[in-house]
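K.L.:
Produce the complete structure using the sequences and hints provided.
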Amino acid sequence: MKEKLEQIKAEATAQIQAADIPEKLNDVRVKFLGKKGELTAVLKGMKDVAAEDRPKVGQMVNEARAAIEAMLDERKIKMEKAIREQKMKEEVIDVTLPSKKNLMGHRHPNTIAQEEVERIFVGMGYEVVEGPEVEYDEYNFEKLNIPADHPAKDEQDTFYVNKEIVLRTQTSPVQARVMEQGRLPIRIISPGRVFRSDEVDATHSPSFHQIEGLVIDKNISFADLKGTLEVFAKELFGPETKTKFRPHHFPFTEPSAEVDVSCFKCGGKGCRFCKGSGWIEILGCGMVHPHVLEMCGIDPKEYTGFAFGVGLERIALLKYEIDDMRLLYENDIRFLKQF
Amino acid sequence: MNTSLSWIKAYVPDLDVTAQEYTDAMTLSGTKVEGYEKMDADLDKIVIGRIEKIEKHPDADKLIVCQVDVGGEVIQIVTGAPNVKEGDKVPVVLDGGRVAGGHEPGQKVEGGIRIKKGKLRGVESCGMMCSIEELGSTKEMYPEAPEYGIYIFPEDAPVGASAIEELGLNDAVFEYEITSNRVDCFSVVGIAREAAATFRKEFHPPVVTPTGNSEDVNDYIRVTVENTDLCPRYCARAVKNIKIGPSPKWMQRRLASVGIRPINNLVDITNYVMEEYGQPMHAYDLDTIADRHIVVKTARNGEKFTTLDGQEREMDENVLMICDGEKAIGIAGIMGGENSMITDDVKTVLFEAACFDGVNIRKSSKRVGLRTEASAKFEKGLDPNNAQAAIDRACQLVEEMGAGEVVGGMADVYGKKKEPVRVAFDAEKINALLGTDISEEEMLGYFRMIGLEYDEATKEVIAPTFRQDLLCLADLAEEVARFYGYDNIPTTLPNGEATTGKLSFKLRIEQVARDIAEFCGFSQGMTYSFESPKVFDRLLIPEDSPLRRTVQIMNPLGEDYSIMRTTSLNGMLTSLATNYNRRNKDVRLYELGNIYLPKSLPLTELPDERMQFTLGMYGAGDFFTMKGVVEEFFEKIGMKEKEVYDPNSGRPYLHPGRQADIIYKGDRIGFLGEVHPEVADTYGIGERAYIAVIDMPEILKYATFDRKYTGIAKYPAVTRDISMVVPREILAGQIEDVIEKKGGAYLESYRLFDLYEGAQIKEGFKSVAYSIVFRAKDKTLSDAEVTEAMNRILKGLEALGIELRK
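Protein sequence lines correspond, in order, to chains Z and W. Here the first sequence is numbered in the working numbering, starting from 341 and rising by one per residue. Here the second sequence is numbered in the working numbering, starting from 245 and rising by one per residue.
Wrong hints could be hidden among the right ones.
[As the list claims (entries may be wrong)] A partial selection of chain W residues facing chain Z, derived with a Cβ cut-off under 7 Å: (1) 271; (2) 502; (3) 738; (4) 745; (5) 746.
[Unchecked claim] Calculated pairs, DSBU-like style, for lysine-lysine (alpha carbon to alpha carbon, straight line, at most 30 Å): (6) 276/W <-> 584/Z; (7) 584/Z <-> 282/W; (8) 607/W <-> 503/Z.
[Claimed, not checked] Reference listing, derived: stretches of chain W covered by chain Z, where coverage requires no fewer than 3 residues with Cβ under 8 Å from a Cβ of chain Z: (9) 562-574; (10) 771-785.
I should point out that these hints are in silico values taken from the structure, not numbers from a laboratory. The model shown is predicted, which means the values in this text are computed figures rather than measured ones. For each residue, glycine too, the CB sits at the ideal point set by N, CA and C.
P.N.:
If you want it as structure tokens, here you go:
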């Protein structure tokens, strides 16, 4: 009996080793362990075994079965592994072949600049508001301390619809509109389209964009204006950026300033980009003129504030080193794709 | 406005700065220097030499060989210049020196031209004698220079000294950007006052001494001003026994440095005073003035007048004229007349220094079409008190230069005298506004530097009349800030009540629109808000369309930019065409921009500005690609209801069979379609192009960022496919409408999976197949329940004339 089992085991071992595909291995399993298999046949022959020997024989059969099963499993795992490896070998790809991209569109550089500015100021607690592009002369000029016949009105080369209505020359009228609503304190920025009657060329466009900023509160000072715009410049152009405030004149702010930032190309040493000066002019600003506050119903004795205006195209041209403003309005896809 | 450094130094003698230092400091104190030019930038090693001996060149007829004493040394120079003789003193550039340009005017060379020792036709030449052009200037600026050839110095010029200094070329000329509020800085004296304060130096303005003989000018001339509001002040003085001649070198040099050509003593004096004091002056030949009477009054409508440039010009009733007893002799503040022009035989001159209304001058200058140095100054609104100072200064110069005999007294018509403004001073408030801690004494010190007085008793700063920009405390704060230094003001951030930073709902929706468009391959374009009225014809828009009711610009850049757009189509189609022309393939663009719809015409209130989300494309993709983008957008902004597409809106710019209005909950929120082939042709787009326009204000009514979770289905779905033969004119939308209405509570979704027309299908019909999915939230559906729902759908479809394919 024992010999018989040993023989079965040996035979099974040989056949397991010989099996080279999973199907053959399965045949081996059926042949030895199946219902009609050889080990099963041995068990069936138990009735001829003496009763006292039966447990022992039974145990021997089970051990043989377990041994064969173990061999079968081991062989199976090895075989599967070999197959998988073979398959993977055949599946090698050239990873340097071109990628398959989703055809994504691109945002206009003006909008990228605008969103950048919005992000910075929203983070500082500013609300983004809008105002009309076709605007009353009253808001565009009068309430900003630019009365009729003021030379600044000429300087701004205004498009008129009629005597009272203009295409706004600046985003500043939004200041007057927001102040008039009288909800204080005010911290807003207002991006938008503005118009001036400049002929189209590399640096001029009759339609362009500005972002206006306005803060009105108790105890707002020129130092606050400087601090705010310094944060803004560093966020926009990099932490090394320095700012320079130069006195200037705007009818609706006093004191007023123009702000230069250190040239982000040469770091202020002077290069062709900044025309050798090391500085680039980026915006105008100042303390809201008390007369403007008054005209908009805010008591200048109690409240002060600052305002600033940035040209979006100017930021976009500078940041992305675009050398011709006309590119921004041609919408050539080869241009837009670069942003 | 330009000044030379030396002219500034004339009033600020202690000023010792380089041109760059001056530029930087003046800019930071508020007098912005745009740039400067060093007149001697390209001049090097140029001395005054005396020609000792001239010999003929042995080998060249047109050359001469000169022995030139350049101070302690005699060098040999070969020249072809025809105008030199022995004993002449000339500018000599030595070996290794530089000159600015060639012989001819306007031939300046960047970096200059280096002069080296060499041989000319075999004869050694150790330097070069220079013409005024080679020194970088012109005969116009140096009228004493010969017509052609070498510049010749006067006999007393020191041999060996710098020729550059002798000619006043060792100077820098600054160009300023003066802001409109600082009228006083349109003068050399005004800028010098700022320079003195900026560098903390003493300011020495010209000292004007009394002038005139014992006669009274009022015996020579009578002045009447009819329009005192347009001419607040008119000053006149007379000079007799005029001796016309050149003005002194120092005056010529200063005028030349700011680009004014010296003419003769009389003209130069008026120009000089205009620059120095910022007060334009005019000189009349007194003998041409009828009745010796000056009348200042407005012109008659259509009056013709010939200005001294010989041009006849037409006036209107708003233009102020200077007249004599009979006729007009000048346009006030703009230009004198040919008829009273100074000639070389003038005997007696009448000087005019007046103050005219700036706005009127600006308008008149536009009307007459003539802008002059004088009008540019007057239109800023001058200080009437400056007029007297200027005319006295001019008379002083006349006496000093011996140009004539000044008649005593001044004819002066001066209505309401302009008085200095008093501004309440409060150091604490200024510090609060600036965020600084500057002492009161320091502030008052700054004020003193720029000529502002302080009334201790009333605590008021007294602003002189030339500073008409100082009216309130904020103005004083700026003066303090300027001289304290903007750079020295600390930097802080506002502290106060916290505010919420945010974007409006509208702006957030626009952000989603951009994201979706870009995700779908569309790039953002921007086009102008104004366009040509011709676009309506190009878009085949009928004559009576409300789109043709536009906001019109009174003063457009041209007809092509004359109306505010009422549709965004032209901008998009133009951009697509630009790309098509440049052979760009598969172009997808979008724009977010306003259209402007007038509420009434003529415009009495602001137009309705409506943000349009416009998509346009050609190349890969079709109508349904565009439809997909639009639906993606709606889904993303929470518009969950099914849109209705109306194919019958008849938009003329779209293909009649490939267009639809988009209707959401009964509102028309936009449209899409293929561009009409004729329109595409007009614009020059040679491919099928597709457009979608979404009216954002309509969208805002339905958009929402609110979302509610509905639970993921636990029970299995049952899918039934139906295949139908459908009359061709029935739209998929109608079939879907039936499925939705009749599908019942268990209808989950449906999907078109086959659409076929052609062989095997009878004429006038198409084959359409849908897959319909049912599911219940709380149970597994029974076959009977699904069949019941399907039967309802089929019945509905049959009513449309649809047959089920067996």
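K.L.:
All hints are to be evaluated individually against the structure, with a verdict given for each.
P.N.:
Quick rundown of the hints versus the structure:
1. 271: 6 Å, holds
2. 502: Check failed: Cβ of residue 502/W comes no nearer than 23 Å to chain Z, outside 7 Å.
3. 738: 4 Å, holds
4. 745: 4 Å, holds
5. 746: Because about 5 Å separates residue 746/W from the closest Cβ in chain Z, which is inside the 7 Å limit, the hint holds.
6. 276/W <-> 584/Z: Holds, at about 13 Å.
7. 584/Z <-> 282/W: This hinted pair holds, its Cα atoms lying about 26 Å apart.
8. 607/W <-> 503/Z: This hinted pair holds, its Cα atoms lying about 16 Å apart.
9. 562-574: Result for this restraint: violated, n = 0.
10. 771-785: With 4 residues closer than 8 Å to chain Z, the stretch 771-785 of chain W meets the three-residue bar; holds.
Violation of the numbered hints given earlier is confined to hints 2 and 9; the remaining hints are satisfied by the structure.
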